[in-house]
Amino acid sequence: CSNIAQLANQIAIELDRDHIAEMSCIAGVGGGVKSLVKKAKSGRKIISFDGCHLHCVKNCLSKHDIESTYHYTLTDYGIKKKYHMDFSPADVRDIKGRVIDDINKGKLA
Numbered sequence: 010c011s012n013i014a015q016l017a018n019q020i021a022i023e024l025d026r027d028h029i030a031e032m033s034c035i036a037g038v039g040g041g042v043k044s045l046v047k048k049a050k051s052g053r054k055i056i057s058f059d060g061c062h063l064h065c066v067k068n069c070l071s072k073h074d075i076e077s078t079y080h081y082t083l084t085d086y087g088i089k090k091k092y093h094m095d096f097s098p099a100d101v102r103d104i105k106g107r108v109i110d111d112i113n114k115g116k117l118a
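Everything in the sequence shown is counted per our numbering, starting at 10 for the first residue and increasing by one.
Among the clues, some could well be false.
Straight-line C-alpha distance at most 30 Å; calculated DSSO-like pairs for lysine-lysine [what the hints assert, rightly or not]:
| no. | residue 1 | residue 2 |
| --- | --- | --- |
| 1 | Lys114 | Lys90 |
| 2 | Lys89 | Lys105 |
| 3 | Lys54 | Lys67 |
| 4 | Lys47 | Lys89 |
| 5 | Lys91 | Lys47 |
| 6 | Lys91 | Lys67 |
| 7 | Lys105 | Lys91 |
| 8 | Lys54 | Lys114 |
| 9 | Lys89 | Lys43 |
| 10 | Lys114 | Lys50 |
| 11 | Lys67 | Lys50 |
| 12 | Lys91 | Lys43 |
| 13 | Lys43 | Lys114 |
What the hints contain is simulated information worked out from the structure, not anything from laboratory work.
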């Protein structure tokens with residue numbers, strides 16, 4: 010798994026732990042787990058994070074005709090995809106800060 014995939018996961022974890030957003034299991038949505046698909050289709054706002062242009066998360070959602078309210082692709086922010094390396098804590102702070110700013114500006118409200 011790449012550094013940016015783990016970065017996306019860490020951002021989601023921190024937003025969840027800080028009670029800013031509720032993290033859910035995208036593998037379960039992609040795998041068709043009924044309770045998770047139902048939750049994703051419930052009309053709640055969805056913030057999604059993809060590490061790169063492959064858009065694995067976006068594709069898992071689209072299998073069920075679900076679109077994110079807001080979608081972040083981490084490579085769009087100058088973060089390079091690398092294998093066998095950890096993500097930078099500075100990148101977590103940067104992207105998480107951008108998401109919180111978007112929420113506060115009403116972009117995600």
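Here's how the hints hold up against the structure:
1. Simply put, Lys114 and Lys90 have alpha-carbon atoms about 29 Å apart, close enough for the 30 Å limit, and the pair holds.
2. Under the criterion of a C-alpha separation no larger than 30 Å, the hint pairing Lys89 with Lys105 is consistent with the structure, at around 17 Å.
3. Taken as a hint, the Lys54 and Lys67 pair is honoured in the structure, with Cα atoms around 14 Å apart against an allowance of 30 Å.
4. Our distance criterion of 30 Å between C-alpha atoms is broken by Lys47 and Lys89, whose separation comes to about 34 Å.
5. Taken as a hint, the Lys91 and Lys47 pair is broken in the structure, with Cα atoms around 34 Å apart against an allowance of 30 Å.
6. A distance of roughly 20 Å separates the Cα atoms of Lys91 and Lys67; the hinted pair therefore holds under the 30 Å criterion.
7. With a CA separation close to 20 Å, the supplied pair Lys105 and Lys91 stays within the 30 Å bound.
8. Between Lys54 and Lys114 the CA atoms are separated by roughly 15 Å; this keeps the pair inside 30 Å, and the hint holds.
9. Note on Lys89 and Lys43: the hinted pairing is violated, with a Cα-Cα distance of about 34 Å set against a maximum of 30 Å.
10. For a cut-off of 30 Å, the pair hint linking Lys114 to Lys50 stands: about 25 Å separates their Cα positions.
11. Proximity of Lys67 to Lys50 is assessed by CA-CA distance (about 14 Å); at most 30 Å being required, the pair is judged to hold.
12. Between the alpha carbons of Lys91 and Lys43 the distance comes to roughly 33 Å, so the proposed pair goes past 30 Å and is violated.
13. Note on Lys43 and Lys114: the hinted pairing is violated, with a Cα-Cα distance of about 34 Å set against a maximum of 30 Å.
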